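S.K.: The residues making up each chain are set out below.
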Amino acid sequence: MTTLLAFINNRAVRDAFWQAVVAISVAGLLVYFVRNASDNMVKAGIASGFDFLGRTSGIDVPFVLTGYVPQSSIAALLWVGVVNTMLVAAVSIVLATILGFFIGLARLSSNWLLSTLAGAYVEFVRNIPLLFFVLFWYSVVIGALPQPRESLSIFSIAFLNNRGLTIPVATDGTALRWAALVAVLSLLLQVALALYAARRRRLTGRSLPIGSIALVTALLIPLAAFGIAAAQTPWEIPALRGFNYRGGFVLVPEFVALLGSLATYTAGFIAEVVRGGIQAVPKGQIEAARALGLSSGQTLRLVTVPLALRVVIPPLTSQYLNVLKNSSFGAAIAYPEIVSLFMGSALNATGQAIEIIAITLAIYLGMGLLVSLFMAWFNARMTLVTR
Amino acid sequence: MKHGAPVSGLGLLRQRLFATPLDVAITLACAGILWFTAVPLLKWMLFNATITGASRSDCAPGGACWVLIRARFDQYMYGFYPAGERWRVNAAGLLLALGIAIASWKAMPLRGPMLAAAIFGFPVLGVWLLYGGLGLPVVETRVWGGLMLTVFMSVYGGLLAVPLGILLALGRQSELPIIRTLSVIFIEFWRGVPIIAVIFLASLLIPLIMPSGIGVDRLARAVIGLGFVIAAYMAEAVRGGLQAIPQGQREAAAALGLGYWPTMRLIVLPQALRISLPAITNEFISLVKNTTLVLVVSIFDLLGIAQAAITDPNWAGLNKESYIFAGAIYWIVCFALSRWSRALERRQDDRALKPSAG
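Chains as they are written, first to last, in the working numbering: chain U, 1 to 387; chain L, 1 to 358.
In case anyone wonders, no lab produced these hints; they're calculated from the structure.
Keep in mind that a hint or two might mislead.
Unchecked claim - Quick look at which bits of chain U chain L covers, simulated, 3 or more residues with Cβ under 8 Å:
| no. | region |
| --- | --- |
| 1 | 129-136 |
| 2 | 255-261 |
| 3 | 291-305 |
| 4 | 355-367 |
What the hints assert, rightly or not - Covered, in the sense of this in silico footprint (three residues per stretch, anywhere, with C-beta under 8 Å from a C-beta of chain L), are these stretches of chain U:
| no. | region |
| --- | --- |
| 5 | 67-75 |
| 6 | 139-153 |
Keep in mind the model is a prediction, meaning the values are calculated, not measured.
Ideal placement from N, C-alpha and C gives every residue a C-beta, glycine not left out.
Chain U extracted, bound-state conformation (with noise of 0.2 Å):
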């Protein structure tokens, strides 16, 4: 009895007993729904399996940048979700960081005005959903727009109205690709540079003007290059026939109003961690900067940014995820990407439910996880080393 009294109470007799409860349970509850879900499924007569993948859509999609036509396979219809999903996630994310670092800077402002202004953006996005500014674009900002006939020109290269925002194309893209090759070499160039000025700086103490040839190497070879590229290139400048303009791609509605609802929205939230970040340097951390004889620009370079950075960059990286993950918005307005494509089309089409919700979750999963590791590896890089 007594051992039996001391079986019972062992703590790793009982740790073990809980968790294989918790396991079983778990397990047979999978394996209940598995059943139901084949169950249900044979009485519906839906066949398993990804062999759907291959089958030809027959969807039209009105925004398209691969070669997808109606005729192609559902693989096909799900790499133009995926590209469209990337697309939008991706611009958003550039327009979001500059607007918000704009923000979030003007918020520590000490001009009252504009810090108040600041604060009244922030505390409007950050209260309201998401999909409310989705909607209130897509059908009072896009609806406001003129007719083809009036657009607003910009530059008489790219003309916004309400079906879209129609911008020129290069017919030959060939100049441009060796701009972009230049582009990269330039900045393997710049982090070469820059792995030597941190050695040399390291064993001798002289330190190279790096900033300086970052904006040479970075910013001015790639622009010049992209510029004389731009000009070799013939492009096809969309221009007005009958009640639409012709030739040039249209970027849809449905794009600008994400594009625009997302930017604006997300960039709420990164002023608030561009405000966070800015403000966790610690005061003294500059003071000393100034009293070792940095300038200021040698402070904000030296000190306040690297300082600043490390708090920043995990909570933007979550934004940034945010970003790609509420693209999904788009689906609300038929905005072309994968949870309208393929969760709403492509499931009506074939029916697959349990394939095509397996494969949209997963490919979000694995976006999130690339992330993930990404900020890992960089936070693993960025601690501070205290010597």
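Fit chain L to the known structure of chain U by using the hints.
M.R.: Here is chain L on its own, set in the frame of chain U:
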């Protein structure tokens, strides 16, 4: 900006707006932005707006036309809930107010039993009032809508997410590897996928995995989907609080002979939840905002009703008014919640600075 001797009146104005030439330029630019945006907006929304009237023809040009909101106010609040039964929605709302009052009145006599009754009894009572049965005529969830549905999803989503989130946070901190792994998988899975996909998933998958014959209500599916995702985020909010509790607290409890659950219930959770309350509130705000996504499965919450109102040909062209009315309600609710959360945080900071006062 140098902070010297205290200045007042004009001096303060000068210091804050016109200290340097750059400051003057910034101030003027901001004033210009306000003049060209806020002033016309105010004119449109208030001064030139039409407030009285009964139909589209009463709308005056050049200003907002709030007549639409007046005419359809009940729909914004109750959706298509039958007019004769709307007292039930109001009663459920009162129940919610009573529950909040009980939760926030610290010195109430018999607080413990009352709180338990509110937490376990009121949700059941609320569903009975809204859905019906047992003497009340049944009102299908299909006709629920508007603000009432937004509040319903927020409250019941929260009731699902908070306990589940606490359990997941405890699981993630657990020393038992299987429980920890399962919790981590659950949390990271739901945090990694878009909520809109989860709502699709819940509405498609739940009927599929249930034995045939057992139907789960469309609205219930959406609430379960929302609740699961928010629970994963809640778990991370609670984890922050758990990590702030010194290990010594648990060791002291163990030394006193308390087991795992008594330690958690009496020592760790009361402290951890107090610390994570601001973060939990922020997740709740995000839940309120994300209830709008049920639009994609054709459930008409406040934003859905606002969108449906503008498709009515009798009220064509009033998109702005309808959306702005709905948006303003969301803003007021979320702003109030975020202020409350910030006040909680400040109170905790004060307490941390003066340990003797706590």
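S.K.: Please go over all the hints and tell whether each is borne out by the structure.
M.R.: Each hint, compared with the structure:
As drawn, the region 129-136 of chain U meets chain L at 6 residues by the rule of a beta-carbon pair under 8 Å; at three or more, the given contact holds. Residues of the region 255-261 of chain U lying with their CB closer than 8 Å to a CB of chain L number 0, which falls below the three-residue condition for coverage. For the region 291-305 of chain U, the stated coverage by chain L is violated: 0 residues have a C-beta nearer than 8 Å to a C-beta of that chain, whereas at least 3 were required. Under the rule that three or more residues need a Cβ within less than 8 Å of chain L, the assignment of the region 355-367 of chain U holds, with 5 such residues.
Note: the region 67-75 of chain U has 0 residues with beta-carbon separation from chain L under 8 Å; the three-residue rule is not met and the coverage is violated. Coverage of the region 139-153 of chain U by chain L holds [criterion: at least 3 residues with CB-CB distance below 8 Å; count 3].
Violated hints, listed in ascending order, are 2, 3, 5; each of the other numbered hints is respected by the structure.
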